[in-house]
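J.: We have chain P; now place chain R onto it with these hints.
Just so you know, the protein sequences line up as chains P and R, in that order.
For the first sequence, the residue numbers in the working numbering are 1 to 120.
For the second sequence, the residue numbers in the working numbering are 1001 to 1120.
For the record, the hints were derived by calculation from the structure and aren't laboratory data.
Computed from a predicted model, the values in this text were never measured in an experiment.
Beta carbons: idealized from backbone N, C-alpha and C, even for Gly.
Any given hint could be a false lead.
To be verified - Below, a list of computed lysine-lysine pairs in the DSBU-like style, where the Cα atoms sit at most 35 angstroms apart:
{"id": "1", "chain 1": "P", "residue 1": "K36", "chain 2": "R", "residue 2": "K1007"}
{"id": "2", "chain 1": "P", "residue 1": "K7", "chain 2": "P", "residue 2": "K90"}
{"id": "3", "chain 1": "R", "residue 1": "K1090", "chain 2": "P", "residue 2": "K90"}
{"id": "4", "chain 1": "R", "residue 1": "K1007", "chain 2": "P", "residue 2": "K76"}
{"id": "5", "chain 1": "P", "residue 1": "K36", "chain 2": "R", "residue 2": "K1090"}
Claimed, not checked - Computed spacing ranges between beta-carbons, pair by pair:
{"id": "6", "chain 1": "R", "residue 1": "E1107", "chain 2": "P", "residue 2": "R56", "range": "21 to 27 angstroms"}
{"id": "7", "chain 1": "R", "residue 1": "A1039", "chain 2": "P", "residue 2": "E92", "range": "20 to 26 angstroms"}
{"id": "8", "chain 1": "R", "residue 1": "E1107", "chain 2": "P", "residue 2": "D6", "range": "22 to 28 angstroms"}
{"id": "9", "chain 1": "R", "residue 1": "W1067", "chain 2": "P", "residue 2": "R28", "range": "54 to 60 angstroms"}
{"id": "10", "chain 1": "R", "residue 1": "G1061", "chain 2": "P", "residue 2": "E27", "range": "40 to 46 angstroms"}
{"id": "11", "chain 1": "R", "residue 1": "E1046", "chain 2": "P", "residue 2": "R73", "range": "40 to 46 angstroms"}
{"id": "12", "chain 1": "P", "residue 1": "P52", "chain 2": "R", "residue 2": "H1070", "range": "47 to 53 angstroms"}
{"id": "13", "chain 1": "R", "residue 1": "E1047", "chain 2": "P", "residue 2": "G100", "range": "21 to 27 angstroms"}
{"id": "14", "chain 1": "P", "residue 1": "R73", "chain 2": "R", "residue 2": "Y1077", "range": "34 to 40 angstroms"}
{"id": "15", "chain 1": "R", "residue 1": "P1074", "chain 2": "P", "residue 2": "Y32", "range": "49 to 55 angstroms"}
2 protein chains.
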Amino acid sequence: MSSLFDKIGAELRRGLVQIVALSLLRERLYGYQIVKILAASGLETEEGTLYPLLRRLESQGLLLSEWDTHGSRPRKYYELSPEGRAALPKLEEVWRDITGAVGRILESDSPAELAEAEAK
Amino acid sequence: MSSLFDKIGAELRRGLVQIVALSLLRERLYGYQIVKILAASGLETEEGTLYPLLRRLESQGLLLSEWDTHGSRPRKYYELSPEGRAALPKLEEVWRDITGAVGRILESDSPAELAEAEAK
Chain P
1 MSSLFDKIGA ELRRGLVQIV ALSLLRERLY GYQIVKILAA SGLETEEGTL
51 YPLLRRLESQ GLLLSEWDTH GSRPRKYYEL SPEGRAALPK LEEVWRDITG
101 AVGRILESDS PAELAEAEAK
Chain R
1001 MSSLFDKIGA ELRRGLVQIV ALSLLRERLY GYQIVKILAA SGLETEEGTL
1051 YPLLRRLESQ GLLLSEWDTH GSRPRKYYEL SPEGRAALPK LEEVWRDITG
1101 AVGRILESDS PAELAEAEAK
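So that you can see chain P by itself, here it is in the shape it has in the complex:
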């Protein structure tokens, strides 16, 4: 049973990674830093999951990237683009709306009645 909940938790985390990555990239970070921060926050994410996501968010215009070749190995840094920075509050609103809805369902004694009341 614990492996089943690990799986549900993993799927949930995957859906959250892009919103969290965008929030983290208010600061300039390279990919592996993000992996470490996610893991430290309990949102373990494989590099193979994160890196394609970062490239996609960049191609969508939300992130900017830059190679830093000064260190012992080149590192690709990411940061929110001006568009991404402007869009972040909207994303946080999506997050609050969704988690609010889920929280109300989880905390309600009769979620079916609750949702019917909301629909009115």
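T.: Relative to chain P, chain R alone:
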């Protein structure tokens, strides 16, 4: 830009549907009721997404189902199995842990520092 956030929101909702469906199924409901409740809660989910998920949760032993053939058309009702009912608190804990972690990142002025502090 709004369509992009619709997309991020949709992906996030998809990850949440199974946790919400299990919570809803503390009460006996048929599939389309769940679709309506999810929509009323702002978690729009297609029947084609939900129904395979319900079957999967049943095959994993978390749900029980039963056909009711008394009405004008047969309806398949679902409800938490005893195993599902026993497991729900653990699932809610997963939810709280994950949303707590995401919330702390979104609300932090320096999420990188925050995560480094948590790792210590």
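J.: Can the restraint linking K7 (chain P) and K90 (chain P) be considered satisfied, given a maximum Cα separation of 35 angstroms?
T.: Distance ~29 angstroms between K7 (chain P) and K90 (chain P) Cα, so the pair holds.
J.: Between the beta carbons of E1046 (chain R) and R73 (chain P), is the distance compatible with 40 to 46 angstroms?
T.: This hint holds: roughly 45 angstroms between Cβ atoms.
J.: Quickly compare the C-alpha distance for K1090 (chain R) and K90 (chain P) to 35 angstroms and report which way the hint goes.
T.: Holds - the C-alpha atoms of K90 (chain P) and K1090 (chain R) are around 31 angstroms apart, at most 35 angstroms.
J.: Against the range 54 to 60 angstroms, how does the distance between the Cβ atoms of W1067 (chain R) and R28 (chain P) compare: consistent or not?
T.: holds, 57 angstroms
J.: For the pair E1107 (chain R) and D6 (chain P), does the Cβ-Cβ distance stay inside 22 to 28 angstroms?
T.: Taking Cβ atoms as reference, E1107 (chain R) and D6 (chain P) lie about 27 angstroms apart, which means the hint holds.
J.: Cβ-Cβ distance between P1074 (chain R) and Y32 (chain P): within 49 to 55 angstroms?
T.: holds, 54 angstroms
J.: Measuring from beta carbon to beta carbon, are G1061 (chain R) and E27 (chain P) in 40 to 46 angstroms?
T.: holds, 44 angstroms
J.: I want to verify a distance hint. Is the separation of the beta carbons of A1039 (chain R) and E92 (chain P) within 20 to 26 angstroms?
T.: holds, 23 angstroms
J.: Taking 35 angstroms as the top limit, are the C-alpha atoms of K1007 (chain R) and K76 (chain P) close enough?
T.: holds, 26 angstroms
J.: For the pair E1107 (chain R) and R56 (chain P), does the Cβ-Cβ distance stay inside 21 to 27 angstroms?
T.: Since the Cβ atoms of E1107 (chain R) and R56 (chain P) sit about 25 angstroms apart, the hinted range of 21 to 27 angstroms holds.
J.: Go ahead and decide if the range 47 to 53 angstroms is satisfied by the Cβ distance of P52 (chain P) to H1070 (chain R).
T.: Given a distance of about 50 angstroms, which is inside 47 to 53 angstroms, the answer is holds.
J.: Taking 35 angstroms as the top limit, are the C-alpha atoms of K36 (chain P) and K1007 (chain R) close enough?
T.: holds, 26 angstroms
Violated hints amount to a single one, hint 14; each of the other numbered hints is respected by the structure.
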